[in-house]
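Work the whole structure out from these sequences, hints included.
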Amino acid sequence: MHAGAGLVAPDSIGRAARLSELEAVRVNELIEGIEEIADLAIPYARLPQRASSAFAATFTTWSEFAAQTVGSLLATPRAGEATVRALLVAAHEAVMRARSAGERVGAAACVGHLLARLDDRDVVMLRMRSWSTPPTSRPIVAEHLGTYTGWVQRHEPKARARFAALLQDPVHAEVGEHAAALRQRLGISAPQEDVVDELLRLGLDPASQEAQVLLHLAGPYVLAQDWFDNVAAGGSTAVDQVVDDLLLREGAVADHEMFAAVESAGVTADRVERYLQRRRPALRRLGERWVQWTDATGDMVASALHALGRPASAEEILALIGPVRTDKTVRNELSIDDRFMRTSKSMWGLSAWGLDDYAGISAELAARIDAAGGQLPAEDLIATMRAEVPDVSVASIKTHLYSTLAFVVEAGLVRRRTATDKWPALPPLHSVRGVFSRGDNEIRLAIPVSPDLLRGSRNPIPTSVAAAIGVPPGSRRAFSTAEGPVHVVWRLSSTVGPYAGTLRILAQSLGATTADTLVLAFKPKTAQLEVVRAHGDASVLERCRALIGRPVRNPHAALAASLGVSRAQLVAVLHERGDTDLAELVGSS
Numbered sequence: 001m002h003a004g005a006g007l008v009a010p011d012s013i014g015r016a017a018r019l020s021e022l023e024a025v026r027v028n029e030l031i032e033g034i035e036e037i038a039d040l041a042i043p044y045a046r047l048p049q050r051a052s053s054a055f056a057a058t059f060t061t062w063s064e065f066a067a068q069t070v071g072s073l074l075a076t077p078r079a080g081e082a083t084v085r086a087l088l089v090a091a092h093e094a095v096m097r098a099r100s101a102g103e104r105v106g107a108a109a110c111v112g113h114l115l116a117r118l119d120d121r122d123v124v125m126l127r128m129r130s131w132s133t134p135p136t137s138r139p140i141v142a143e144h145l146g147t148y149t150g151w152v153q154r155h156e157p158k159a160r161a162r163f164a165a166l167l168q169d170p171v172h173a174e175v176g177e178h179a180a181a182l183r184q185r186l187g188i189s190a191p192q193e194d195v196v197d198e199l200l201r202l203g204l205d206p207a208s209q210e211a212q213v214l215l216h217l218a219g220p221y222v223l224a225q226d227w228f229d230n231v232a233a234g235g236s237t238a239v240d241q242v243v244d245d246l247l248l249r250e251g252a253v254a255d256h257e258m259f260a261a262v263e264s265a266g267v268t269a270d271r272v273e274r275y276l277q278r279r280r281p282a283l284r285r286l287g288e289r290w291v292q293w294t295d296a297t298g299d300m301v302a303s304a305l306h307a308l309g310r311p312a313s314a315e316e317i318l319a320l321i322g323p324v325r326t327d328k329t330v331r332n333e334l335s336i337d338d339r340f341m342r343t344s345k346s347m348w349g350l351s352a353w354g355l356d357d358y359a360g361i362s363a364e365l366a367a368r369i370d371a372a373g374g375q376l377p378a379e380d381l382i383a384t385m386r387a388e389v390p391d392v393s394v395a396s397i398k399t400h401l402y403s404t405l406a407f408v409v410e411a412g413l414v415r416r417r418t419a420t421d422k423w424p425a426l427p428p429l430h431s432v433r434g435v436f437s438r439g440d441n442e443i444r445l446a447i448p449v450s451p452d453l454l455r456g457s458r459n460p461i462p463t464s465v466a467a468a469i470g471v472p473p474g475s476r477r478a479f480s481t482a483e484g485p486v487h488v489v490w491r492l493s494s495t496v497g498p499y500a501g502t503l504r505i506l507a508q509s510l511g512a513t514t515a516d517t518l519v520l521a522f523k524p525k526t527a528q529l530e531v532v533r534a535h536g537d538a539s540v541l542e543r544c545r546a547l548i549g550r551p552v553r554n555p556h557a558a559l560a561a562s563l564g565v566s567r568a569q570l571v572a573v574l575h576e577r578g579d580t581d582l583a584e585l586v587g588s589s
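Quick note, the sequence shown lines up with residues 1 to 589 if you use this note's numbering.
These aren't lab readings, by the way, just hints derived from the structure by calculation.
Among the clues, some could well be false.
Said to hold, decoys possible - Distance ranges between label pairs, derived from CB positions:
no., residue 1, residue 2, range
1, T60, S132, 24 to 34 angstroms
2, R117, E35, 23 to 33 angstroms
3, E23, A181, 40 to 50 angstroms
4, A296, I140, 38 to 48 angstroms
5, K158, T294, 45 to 55 angstroms
6, D327, A181, 52 to 62 angstroms
7, D581, D357, 37 to 47 angstroms
8, A56, D119, 17 to 27 angstroms
9, A181, R117, 18 to 28 angstroms
10, A181, E35, 21 to 31 angstroms
As the list claims (entries may be wrong) - With a straight-line cut-off of 35 angstroms between C-alpha atoms, the simulated DSBU-like cross-links for lysine-lysine are:
no., residue 1, residue 2
11, K345, K328
12, K398, K422
13, K422, K523
14, K422, K525
15, K398, K345
16, K328, K523
17, K398, K328
18, K345, K422
Yeah, the Cβ is synthetic: ideal placement off N, Cα and C, and Gly gets one too.
Here you go:
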């Protein structure tokens with residue numbers, strides 16, 4: 001060491017009378033051990049402002065400073081003895097701290113030592129503006145400190161800089177080590193109870209300022225929905241994005257794949273399942289696969305199909321969904337939602353899978369007839385259908401071949417019906433149960449009110465009635481009513497013939513019950529439909545009036561005229577066509 005170094009020895013640097021007497025001495029001769037901190041940054045934030053102004057642009061680490069002489073430092077513009085003396089003292093203290101940095105004191109003590117090197121105002125500003133979420137407004141901080149907002153605004157950056165500089169000091173390395181270890185143990189998101197346990201394990205009071213600082217340095221970690229999120233790493237937002245992307249791509253995700261994805265996003269392995277259950281309530285595990293889950297029936301059905309990963313029956317889908325939905329609601333959703341497609345008679349899949357759409361037995365039969373050149377042996381067609389669409393029974397196939405109007409079977413060969421094929425003869429209107437007429441202007445059909453009708457089901461219409469009201473085979477027609485249109489449809493492929501759409505709203509508007517009868521009065525020329533309620537306990541006259549649509553004095557005469565038969569034939573005709581109760585009622589009157 002230089003002979004004059006005694007003037008600025010470690011114990012007297014701050015008291016030396018004149019540094020100018022040591023102009024030729026290098027800093028590394030004055031400060032023993034400065035090479036031990038050579039790569040550390042000079043903590044200008046903790047030094048007088050003049051030190052930063054004079055030297056920060058030239059010297060950033062102690063190694064750059066150590067090679068200088070006292071004279072060269074004193075000759076620097078804006079630097080004086082007090083400024084250089086402060087730098088020398090800081091270098092000596094840095095060496096002392098570096099040599100003592102290996103002594104571990106525990107989380108609470110090491111954070112406490114760091115905070116002790118800040119003044120009280122710095123700690124208050126940092127606690128209220130940096131370590132708290134959300135940060136406290138500057139006016140409130142100023143009021144707490146007994147100062148004004150402008151002062152807080154000016155000094156807050158300086159406090160942050162001093163805190164950051166302290167963290168770089170080797171003597172406080174243990175603080176960073178505890179923060180890094182806590183970050184690793186908590187992961188990107190951890191439940192509040194786990195965070196409390198980790199802080200207690202470190203010997204910290206979870207409500208203490210030291211705990212607050214360590215959580216800030218480790219993340220910062222912010223409490224949300226009883227979980228602490230590392231917001232610097234993206235927290236639950238980052239995890240949820242990974243989960244959502246995976247579900248969007250796969251639809252349903254197996255346990256091991258979902259757990260691996262959440263863990264790769266930063267959630268520790270022991271918390272993955274808790275994260276999914278508690279932070280993602282819109283997810284559900286169906287079997288061993290995770291799916292999105294909402295209260296909408298269509299979403300439930302889609303999730304069930306995703307979980308199965310293959311076409312399924314309505315019963316199988318309902319079994320996965322559970323008792324929160326009925327068989328009817330599931331089947332209805334499958335039929336009306338474009339996300340679903342029928343893959344066979346009883347199986348449904350997701351349209352996004354790109355499978356062949358099952359258009360119904362008739363369409364399947366027609367496609368195979370076309371592929372065979374327009375006709376083929378009926379038995380061969382039945383065998384092919386059974387092999388290619390196994391959930392369609394032989395009975396169903398034969399019903400569509402022999403009992404619908406879509407096909408013609410002659411001499412064992414089946415073909416599509418053409419325009420030259422005649423329609424089957426229809427029975428006369430007077431022979432059809434429940435039918436009454438007022439010439440060609442009005443056709444009236446009596447339909448008993450059933451539970452199915454009140455639920456909104458379709459209602460079969462006799463073929464003779466459909467033809468009489470302008471709905472021949474292969475067509476449809478809308479009839480206007482007081483409650484909206486009612487459609488009458490007669491598909492060639494129908495196994496039950498023509499039908500009318502739902503009458504539920506009309507029945508409800510009339511207050512009809514299952515003891516009553518609805519009389520549908522079709523007006524073919526104007527495409528109008530009037531619906532009348534015939535009470536179950538109505539008299540003969542009241543019932544006849546409802547059935548034929550005009551006042552009645554003589555039930556026999558009125559009914560016979562409506563059917564176009566003689567009075568003597570009336571009772572027999574009513575019996576023959578199935579109106580037994582009406583025949584008995586009229587016969588006894």
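Status of the hints after comparison with the structure:
no.: 1; hint: T60 x S132: 24 to 34 angstroms; result: 32 angstroms, holds
no.: 2; hint: R117 x E35: 23 to 33 angstroms; result: 24 angstroms, holds
no.: 3; hint: E23 x A181: 40 to 50 angstroms; result: 48 angstroms, holds
no.: 4; hint: A296 x I140: 38 to 48 angstroms; result: 45 angstroms, holds
no.: 5; hint: K158 x T294: 45 to 55 angstroms; result: 51 angstroms, holds
no.: 6; hint: D327 x A181: 52 to 62 angstroms; result: 56 angstroms, holds
no.: 7; hint: D581 x D357: 37 to 47 angstroms; result: 46 angstroms, holds
no.: 8; hint: A56 x D119: 17 to 27 angstroms; result: 22 angstroms, holds
no.: 9; hint: A181 x R117: 18 to 28 angstroms; result: 22 angstroms, holds
no.: 10; hint: A181 x E35: 21 to 31 angstroms; result: 30 angstroms, holds
no.: 11; hint: K345 x K328; result: 16 angstroms, holds
no.: 12; hint: K398 x K422; result: 21 angstroms, holds
no.: 13; hint: K422 x K523; result: 26 angstroms, holds
no.: 14; hint: K422 x K525; result: 25 angstroms, holds
no.: 15; hint: K398 x K345; result: 15 angstroms, holds
no.: 16; hint: K328 x K523; result: 34 angstroms, holds
no.: 17; hint: K398 x K328; result: 27 angstroms, holds
no.: 18; hint: K345 x K422; result: 30 angstroms, holds
Checked against the numbered hints given earlier, the structure satisfies every one of them.
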